[in-house]
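Peer 1: Take a look at the letters that make up each chain.
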Amino acid sequence: MKPKRSGRKTLLYLKRTWTLYLMLILPVAFAVIFRYLPMTNISMAVKDYNMFKGVWASPWSDPLYKWFDKAFKTKDFWLALRNTLMLNGLDLIFGFPLPIMLALLLNELAFRRYKRVTQTIVYLPHFLSWIIISGMARQLLAPRTGVVNVLLGKAGVGPINFLMEHGLYVATYIALGLWKEMGWNTIIYLAAITGINPELYEAAEVDGASRLRKIWHITLPGIRSTIIVLLIMNMGRILGSEFDRPYAMQNDLVMKVADVLSTYVYRVGIRGFQFSLTSAIGLFQSVVCVIFLFSANALAKRFGERGIW
Amino acid sequence: MVKSRKRKIDDLIIAAVCFLFILICLLPMVNILARSLSSSQAMINNRVTFWPVEFTWESYFYVLQDKAFVRSLWWTALLTLICTLVSLTITILAAYPLIYENLKGRRFYNGMMLLTMYFSAGTIPNYLLMKQLNLIDNPLVLIIPNCLSIFNMIILRSFFHTVPDSLRESAQLDGAGPLNVLVRVYLPLSKPVLATLALFYAVGRWNGFSDALMYVPNPKYAPIQLKLYQIINNRSSIETAQQEGFSAPVASEGLKSASVMFATVPILLVYPWLQRYFITGVTLGAIKE
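Same order as they appear, the protein sequences are chains A and B.
For the first sequence, this note's numbering begins at 1 and goes up steadily by one.
For the second sequence, this note's numbering begins at 1001 and goes up steadily by one.
Hints in this document: simulated from the structure, not taken from any laboratory.
Hints should not be assumed to be uniformly reliable.
To be verified - For lysine-lysine, the following DSS-like pairs were computed, each having C-alpha atoms within a straight-line distance of at most 25 Å:
(1) A:K15 with B:K1104
(2) B:K1220 with B:K1131
(3) B:K1008 with A:K115
(4) A:K53 with A:K66
(5) A:K214 with B:K1006
Only chain B is shown next, with the shape it has when bound in the complex (with noise of 0.2 Å):
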């Protein structure tokens, strides 16, 4: 068949709408990094769109000799590897008895796992849990407290699911128990599954915030996004130094764009690796037994 003219026009004028919502979600990012790379000068005069001007890395430079900040950034990457591998295995222990139709208890478990999404403890209720367990200001309660998320835990369970069980029962007749079948049968097959929940894992840790503040004061164990934070709303900032007339060069602004780079930065590194798997696994997530 054909196609008729007017369906081609149609064909470019959703191309064209596509390419709207392209720009909107890139723009902003692109101008950060323009500002991140721009001089103070051309800043304080507006200058920069979304071009760096009078290139310079200054402001990286400027964000580097603040010892606390770069602190910050190796502890958070050091905080999430330590999540995403305690996650990983504690997801993997949680999904994997499911797949066992016949066990025991199995209905009540999924059960008791599947009911923590739609009812939670609250606010405050979990904060005086964190400190009756004494983990108030404690690294530790970064990394517990949210080490298994349920719908994570769907996912591969699902996954599992989609494995024939064939497979597992060849391996049974070879005389091999459950640990032995996950390790050999189950866990090749599921890397990529695997690899995005570690990434699930990874940037949930390396954007997590609220924890930090509510359990965490003790700035020595800031992660980025706490930090981040605290960068973007110091006050000091090239608005306050134009209403007050100065024209002096504040570099503060260009500070703030460099920052929020650095903590955006490791996660568009990963983000290309992590897309080819993630629509797969969001898919899986829908099913819930």
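For reference, chain A alone in the conformation it holds in the complex (with noise of 0.2 Å):
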């Protein structure tokens, strides 16, 4: 009796349910077929690759590291991953606390219709590409022709090679890195914001507190998981890296501290057909970001926050 029982009611199940496995089907299939399927061509970083025999037919590597070992003697690897770390480190250090200083100025702004203006305005740059960023850069930072140096030339300074100077360009790439996110990474922090009780600040007000205790007893506690989750999933990405911003503002001057892991990997992987040590690269780059992510998920829990997962 059971099973049949048991048998009817899938049946039924499944007649009141098809409708919604079916909708399944094509994120399903986007997911297994260009998010799942790529990951076993991660073995291209254990083998040789033979571009007429294909991911599959290729030989496996002797020894299995042998691209590794490879990588870890190349000097521009090195490079790559120290201009990685030290890029996302300086964008860490100075893209993190500024959003929050800036959510903030936004929130003690008191005129309500100006700081929808400068919201608006200043989650622009935002939607534009690096490609723009980087060429708009190019024409304001020329060192004969940009405004910005023709403004310096007028106080008596420069002209000043931004875009092509070791030092100058590291700021710059910070710089614009700012510019670009500073005002969008404000709304989270301006949603937990509004989160706030407001009796909190009510009370204080009583109690004859200053804006600023106001800010750093209230505010600031309010937001402090939001900081603390916010900062383990950039403490989780040091080590990736994006590819439209550091390609779009290199040049051959400053590869030096310009080239980044990312751009490495197209340079040498597609456009140098060397798939199988820039596979052994990039498998390198996520199992170190995997370890990253984790151990910062694991601090945020020790300090008592929810963390990511």
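Both chains are sitting in their own frames, so use the hints and assemble them into the complex.
Peer 2: Here is the structure:
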């Protein structure tokens, strides 16, 4: 009796839900083909890629860690690794606290209309591509014709070649990152601030607390967990690399500080056909990234926060 | 309670600092706009700052004479339209079944999708996949491989969750199946969120660069960002002309500014419309179940 009844139950369940499963076919197929299937190609890192044989038939490399070994002996790889860490680290140091401060500032802005206008404008750069931004930067910062140097020249400074000298390139790279994302990254903090109980502010007002005291004792603790979760996510990405930003900005004169892992892998892998070597580098990068992410998450949990999973 | 005098002064200082941020965000764009509308002679003499000097449309006409550039603009517009429709459909299909709490396999499916946000195969394995699927130089490669953003799926799912279950249940009592419920109850209610997602997808495709660079060597299918990148990196510019002592009217600087404007203006056009919604969108995306 029992199995029969459960069989009928299954049939009834499927009759009610089959359209839902039908809907899932496309998204699942997408994830399997374009997100999970390429993971099988990671095997390239331990094979000698042969263009005519394809990924599967290519022979295993001997020893298996051959390409890792080769990568670790390549000077350009270490340079790209160092630059990735350096640029992402600087991004974290400058790019992380600034949106918090800007969010606090916007929150204190007393004029509602003006606040909305400010928000609209500071979010805008987020929607411009790195190609557009680098195109603008090259014109603005050009040593002779750029408006920045023209104005500096009137003040008796320069001309400064922002994009062609090592230290200045790094500074410009970080500054443009701030320009693009600083405003956008305030959104999540501003949302967290609206979640703070207004009674806390009223009580503080009665106690005669100053503006700074209220920020320090109410607003900041109120967004503490948001700050920590975002900090974890950002630390997890310290070895991750964007592609458009460094690729659009770099030029031959500053490759020593501008080349990062993503652009190195593109140049040597896709342009230079060294698929096995660059797969090994990519795998190394992913593994370290995952380790970073897990450690950061564990760290947050130790601080008594929710973490990201 | 009367605001103290110090309070008011503080408010003004804060407003002034915010104005500084506004300037920082806008002035670079204003300068490029001014350059694109100035004569090349004015640019060579460094007379252009934030207002067009010797106003002229000539740079824009130069750009429009470049047939490949104009073609690329239309092609990217078409691509953006197709991508947005395809992506929106798939996102709805991906997010909607998740609101059925007792759907079997729901947790597994959800986990499988979220996992792809943290782990990806990497540049080279992805490139090799496109080769295996024969997608290199195929325009489809600019549409399909990024047609679903898990982040956007989460936003939509979070929004669907805010729709009261009672609405769904009453529709079900009337005999409506899941598809009917989606079309009659959920989609009409989610118009603002769908608009946000459509614009996220559209801006993403319009700004997309690296997929075209890696997977589409054929210049016929080059989207606008790739074209723009090539124009910006063109060596011939006023810089070299000045360094070598020419004073010939080199139009290329104005041409670069105008090209940048062509790629930027569509975004500026949709932006005011978009920004009404995206704050809700982004905040919804922060909820991850």
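Peer 1: Now tell me if each hint is right for this structure.
Peer 2: Each hint, compared with the structure:
Proposed proximity of A:K15 and B:K1104 is supported: the alpha carbons are some 13 Å apart, at most 25 Å. Our distance criterion of 25 Å between C-alpha atoms is met by B:K1220 and B:K1131, whose separation comes to about 19 Å. Between B:K1008 and A:K115 the CA atoms are separated by roughly 16 Å; this keeps the pair inside 25 Å, and the hint holds. Distance check on the hinted pair: A:K53 and A:K66 sit about 20 Å apart at the alpha-carbon level, within 25 Å; holds.
Proposed proximity of A:K214 and B:K1006 is supported: the alpha carbons are some 16 Å apart, at most 25 Å.
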